[in-house]
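Each chain, letter by letter, is given below.
Protein chains: 2
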Amino acid sequence: MISRDTHDRMANAIRFLAMDAVEKANSGHPGLPMGAADVATVLFTRYLKFDPKAPHWADRDRFILSAGHGSMLLYALLYLTGYEDMTIEDIKGFRQLHSKTAGHPEYGYADGIETTTGPLGQGIANSVGFAFAERKLREEFGADLQDHYTYVIAGDGCLMEGISQEAISLAGHLKLNKLIVFWDDNNITIDGTVGMSDSTDQHARFRASHWNTIAVDGHDPEAIAAAIEEAHKSDKPTLIACKTTIGFGSPNKAGTHKVHGSPLGADEIAATRVALNWPSPAFEIPQDILDMWRQAGSRGASVHKEWANRHAVASKKVEFDRRFAGDLPAALAPAISAYKQKLAETKPTVATRKASEDALEVINGVVPETIGGSADLTGSNNTKTSQTASITPTDFSGRYVHYGIREHGMAAAMNGMALHGGLIPYSGGFLIFSDYCRPSIRLAALMGIRVIHVLTHDSIGLGEDGPTHQPVEQMAALRAIPNLVMFRPADATETAECWQVALESKGHPSGIALTRQNLAPARTTYSEENLSAKGAYVLHEDASAQVTIFASGSEVEIAVKARELLAAKNIAARVVSVPAFELFDAQTPEYQASVIGNAKVKVGIEAAIRQGWDRFIGTDGIFVGMKSFGESAPYKELYKFFGITPEAVVDAVSAKLA
Amino acid sequence: MISRDTHDRMANAIRFLAMDAVEKANSGHPGLPMGAADVATVLFTRYLKFDPKAPHWADRDRFILSAGHGSMLLYALLYLTGYEDMTIEDIKGFRQLHSKTAGHPEYGYADGIETTTGPLGQGIANSVGFAFAERKLREEFGADLQDHYTYVIAGDGCLMEGISQEAISLAGHLKLNKLIVFWDDNNITIDGTVGMSDSTDQHARFRASHWNTIAVDGHDPEAIAAAIEEAHKSDKPTLIACKTTIGFGSPNKAGTHKVHGSPLGADEIAATRVALNWPSPAFEIPQDILDMWRQAGSRGASVHKEWANRHAVASKKVEFDRRFAGDLPAALAPAISAYKQKLAETKPTVATRKASEDALEVINGVVPETIGGSADLTGSNNTKTSQTASITPTDFSGRYVHYGIREHGMAAAMNGMALHGGLIPYSGGFLIFSDYCRPSIRLAALMGIRVIHVLTHDSIGLGEDGPTHQPVEQMAALRAIPNLVMFRPADATETAECWQVALESKGHPSGIALTRQNLAPARTTYSEENLSAKGAYVLHEDASAQVTIFASGSEVEIAVKARELLAAKNIAARVVSVPAFELFDAQTPEYQASVIGNAKVKVGIEAAIRQGWDRFIGTDGIFVGMKSFGESAPYKELYKFFGITPEAVVDAVSAKLA
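Residue numbers (UniProt numbering), protein chains in the order written: chain A, 1 to 658; chain B, 1 to 658.
Among the clues, some could well be false.
Same chains, same label: a pair holds when it works inside one copy or across any pair of copies.
What the hints assert, rightly or not - 30 Å max Cα-Cα, derived DSBU-like pairs, lysine-lysine:
(1) 640 <-> 175
(2) 236 <-> 49
(3) 24 <-> 354
(4) 656 <-> 233
(5) 92 <-> 233
(6) 317 <-> 354
(7) 656 <-> 600
(8) 640 <-> 24
(9) 305 <-> 636
(10) 92 <-> 636
(11) 636 <-> 258
(12) 342 <-> 534
(13) 640 <-> 305
(14) 317 <-> 305
(15) 569 <-> 636
(16) 92 <-> 236
(17) 243 <-> 175
(18) 317 <-> 342
(19) 534 <-> 627
(20) 175 <-> 258
These are computed hints drawn from the structure, not numbers from a lab.
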C-alpha cells in the first residue's frame, strides 16, 4: 500500500521531470503531465500489467497517451518504472535531434511507446483497435494467453475531434469492456476554457454510445483507484472523467491555458518547487521515490512469469508466437502461385475489386490473422470472403468488422490492431474517402506498420455517382505520403501480386486502388516472379519502339489497345505497367533505366491528375488523364468525354512524331 | 389545408419520379427519396420559405440534403415546386453527361441546390455554417432582412461520420436554434441494418450537445408538422427523428438495404404502382397533383414580396446587397497598397503567420464581412485581430469563431457560410491538420467558393513538435486538388499580396501556408503590381545566369543566400519566388517561359517533397527538400540535418556544373 504522502511525491516526480525537461528544451507541454500525474501514478503503481524488462510481452496491458502533446508524462513513467532504454539522459534530451524523447511520442523510438500520438483523437481511436485485438485474440487463443486491458489518457481535444465519436460509438457497439479511457477533464484548451468552444455533456455523450462513465477527482488517488476497480467490473467500455487542474502545483499558472504548451519559466518552476516541497534539483529524483517507482515497475515480473509458464505449455504456442512475430504462414506463397497459374489459364475479364475478392478468398484461406472489414460498403468493396464471418458484439469468432460509416475510426482502429500484434487488418472503402481517413493512414506510414486499405471505385470509371465520388487527385495525394505504398493493379494477376506484396511488407502500410468496372487481362501468361513487386515492368517489349506507354490500373488496357492501333500505323510501341510508383523507386538504377527505356515519345495514362507522372515521362512527355474534377455519367461516356481513350493516345503520339 | 389523401399523392409524385429516374438511368438511390417523401412534402408544402421564381432570394430558408445520394428527392422537389431550370427533361436526364441532375446534388448545376452533398456528414456540417450565417447577419442587418431557417435531411451515414459530432456539438454550443435536422431514421445502411455497426442512442447523443430532440412517425404528415412547429419554438437546434421505411411503397423491397442504392426493376416498380394506386406512366404527374405542387411552390411569393418591400427601404440596403453579391469594399485595394508601401519602408523580419495577422489587421478594418476563427490555435495561427471580437452563444456581434478542436467541422461550416452569402470565412489551423478537413476543402474547390484557410506551421520549420506535426507532403497533396489555390508566401509583402488574391477570388477556395519561424524580407522595394498574383515571378534577375533557383515561402530566403554564395564563386544565379503554382499555370506561355528562363541548372527548394516541382525544374533539375518524414528538434538543426541550406544548394549546383 502506497501512502498518500508517498503517492504525492511519486506523482511530483513526474511533474518535475516534465517541468524541467520542457524548461531545458525551451519547448513543450508541461500542463498535462502535471495535471494527469496522479491518475498515471495510480494506474502505473497499482493496476497496469507491464514488465519494463519485457516491453513486448504480448499480454501486457496497453497504455495509450492519446493526448500526445503530454509526451513527458509517458517518458517520465518509462524512466521512473525502469524501462532500460529510457535513461535520465534521454529525458534531458527531450525534443532534441535523434533523441528518443521526441516532441510527441513516436512509435519505435523507445520501448513502451505503444503508438504515435499527437494528432488529436488518434490515440483514443487506436485504442479501439487495441481492445478489439485483445478481445479477438482472447477468443482465439484463450484467456491464458490474452487477457489484458487497454488504458487511455485523452484530453478535451481528443474528445472534440470527430474521430473520437466514430471510435466511441464503435467501441460501445462492440462492448469492448476492457477499454478504459481516462478523460483528463481540466477544462482548458489552447484558446482558453473549454466553455469557449464546447458545452458537451461528455458523460451523456458516452452513455449514448453505451459506455459506462464514472466521475472522480483526478487528484484523489483512492477515488481514481476505486474508479478503475469499478471499470474492471463493467460489461461496457468505461470513461473515467478525472477532474484535474492543468499544471497542478504551479502556484501562478495552474488551471490556465498558459501552462498548456509553454515552459513555466525558471521563476515559476522555483515557486512550484516550494509549493510542492520538492527541493531536488532538475532531473534528480530522490532515491526513495525512485526506488518506489522501480518497485512499481517490477510489480509485473511475477505475473509475467506466470504467463510465460502458461505460454510455454500452451497448445497454440507456435501459432501464437508466429502471429505476434508478424510472420506469414508458409502456405501463402504457394497458394498465390497456384492462383496465378489458374488465372493464366482462365484469363478472366473482371473488375479488380472482384479480382481482389478472389485473391482474398485464397489469402484468407491460408492466413488466419487477416481481419477484414468495410466502412459500410461490403458489397461494393468486395472485402468479405467465405472465411470471414461477421463479428458481432457477442460473438468474436468471426473475422469481419462492419465498421459502419466511419472511415477515420476504421483506419485508426486498424492501426491499433496492427500495433497490438497478432492480426493483419484490411479495410474496405472508396478511394475518394481515403480523404476522410488520411490522418490515420499518414500515421500508419509514419509508424511503419502493416495495415492494408482496399480502396475501390478508383477513378471516373465508377461512372454515375459523379464528381463527389470520383477520385482525381487521391492517387497523387496518397503517393505523396512517405512510406505508404499505393498499388493500382491492372488485372486479376496484378491484383494477386499486389496483395502478396502488401501482406509480405511488415514495414509499411499499403493501399490497393481497385476498379468498379471490368478490365481485360493485361497478363495472360504465368510468371512465377511477382512482377508487380518491382513497381513497374515491361508488359510489351519492342526493341524498335518509338513510343513507350506507361499506365496503371484500368488504363493499362487503354495502353495495350493504343499499342495495337499504333502498330497498324507502323509505329512501334512498348507498354509498361506501373502498379506501384514507390516500389519502382526502390529498384536499382539499371532496372529503372531498362524499364523507362529510350523511346522517343513517352506517354503516361492514368484517369487522374498528372502530378507525379513526370518521373516516368519527363516534363515533355504526353500525359493522358484528368485536369479537373469528374462528371456524372455512364463511365464509358466519361472516358470519351475526358479524352482518355486509345484513339486520344494515338492522336497525341502522331502529332508529336509528325 | 392539404388533405391526407392529397398529401399522400403529392408524396407519391416524389416517389415515382425517383423510382422512374433511377430505373431509366439504371443507377441511383431510390430508397431515401421514397422513404423521406412525406417529410419533404410537409416541409415544402407548408413550412419552407422559398420562391422558385427567385431562387437566390437572400432570406429564403435553406434546405440541405445531407444524404446526397437521395438526390432525386431534391430534383423531384425542384421540378414539382416549379423551379424554371428543372424540367421533366432534366429529371429524365438523371445521371447523364452534362445534365443538371447529377448522381449527387452538385452546387451550381441547378437553382435550389444549396450545396454539393454526397460525401456523408458534409451537408449537416455545412448547415451549421448556413445557420451561423443567418444568425450573424440577423445580428448585423436585423430580422427584417435576415430571418430564416436552415433545414436538413440527414441519414444514418451522416450521423455516424465523425464530422457530424463536430457539427452538432458546435451548433449546440452556439445555440443555433433556427437549425432543424430531420434524421431519416430508417434503420438501414448499405451493409444491412444499422444494428450491424451501431447502437448509438441518437436522441441522447444530440441532447448531450444541447439539442432539442423530437421523435415522429416519418410517414404521418400531421406529426411531422407538429414537430416542425415545436422546433420553431425551441431555443436550441432541433433534431426531428423521423421513423421511416426506406423505399416506402415498394411491396417487396421496402425496409431493406436492397432498395438503398439500386434500381427497383421494372416488375417491382409496376408492383409499387399498384400498391400505391399510381396509374400514371413514368415521368407523368397527374395534373391536379402537379397543380397542388406548383401552388405550394408559389406560397412564398407574397412573403418574398413583403421582404422585398422591406429590403427596398432598408437603411443598410446597399451594404446588404454588396455583401450578398460577394463584391469587396472599394477600400480594400488602396489599403493593401498603403500597407505594402509601409512594408517596403519597415522591411520587417517576421514569421509569415505574424505577417498574416498584420495583413488581416488591415483587411478586417475595411472588409466587414470577414469571419475569422481557429480550431483552438488562435495564438499560434495569428488569426484574431483588433476588429474581431469573439462570438459567444449569446452574443453574435463579434467576428471571430472559436471553432474548438474541430478542423473538419470548421471547414465544412465555413463552406456553409460562403454558400449562404454575406460572409467571407477564414480559418486558422496547422497545415498538417489540413488532412483532418481535406474532404471539406475538396468540396469547396469542387463548388468553387471563397473560403480561405490560414495554415500555419508549414514545414519542419516548426521545429520540436516533430514528425506528427511537420507537413512534408501536405503542400503537394493540396496542390493536387483541382481549383484550390495554395499560397506559400515568402515574406510580409507576399503574404499581403496572397491575402489580396484570395479575397478577390470569388471562384475558388484558397489555402495560405505560413511559417512559425521568422523570415528576412524577400521584397524590399514597393511594387504597385501584385506580383504574387502571377504565381511565380523573378525576384532576382541576371541575364548571364547559369542557374535559376526556384523556391517558395521560407525557402526563398535560402535561395537568396545561395545566390550570394554562388556569386562569390563567380556563378551567376537568378531567383524565382513561387508563391502559388496554380496561378503560375494560368499565366500566358510567354510569361511562363520568361520566368522559367534558360539557365543551364535549375534548382527547386521547398522544405517538403519534390512532387510537383518538376514543372519548374524538369526531371533533371536539382531539388533541395524532404524525402521522408521530419524529426523533433530545434528548427535550425532540422534544416541542417535534412540538408536544406544555402550551402547544400551551392554544393549541388557546383557538382552539376563541374
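Status of the hints after comparison with the structure:
1. 640 <-> 175: Answer is neither; intra-copy 50 Å and inter-copy 50 Å both fail.
2. 236 <-> 49: Within. Shortest intra-copy distance 20 Å satisfies the 30 Å Cα cut-off; inter-copy 46 Å does not.
3. 24 <-> 354: Answer is between; shortest inter-copy Cα gap is 26 Å, intra-copy 57 Å.
4. 656 <-> 233: neither (74 Å within a copy, 69 Å between copies)
5. 92 <-> 233: neither (40 Å within a copy, 60 Å between copies)
6. 317 <-> 354: neither (36 Å within a copy, 59 Å between copies)
7. 656 <-> 600: The answer is both: 10 Å in one copy and 25 Å across copies each meet 30 Å.
8. 640 <-> 24: Result: close only across copies, 21 Å inter versus 63 Å intra.
9. 305 <-> 636: neither (64 Å within a copy, 48 Å between copies)
10. 92 <-> 636: between (62 Å within a copy, 19 Å between copies)
11. 636 <-> 258: between (59 Å within a copy, 26 Å between copies)
12. 342 <-> 534: Cα proximity of residue 342 and residue 534: one copy only (22 Å, versus 57 Å across).
13. 640 <-> 305: neither (67 Å within a copy, 47 Å between copies)
14. 317 <-> 305: within (15 Å within a copy, 80 Å between copies)
15. 569 <-> 636: within (25 Å within a copy, 58 Å between copies)
16. 92 <-> 236: Neither: 40 Å inside a chain and 51 Å across chains, both beyond 30 Å.
17. 243 <-> 175: Result: close both inside a copy and across copies, 25 Å intra and 26 Å inter.
18. 317 <-> 342: So residue 317 and residue 342 fail the 30 Å test inside a copy (35 Å) and across (74 Å) alike.
19. 534 <-> 627: both (28 Å within a copy, 20 Å between copies)
20. 175 <-> 258: between (38 Å within a copy, 29 Å between copies)
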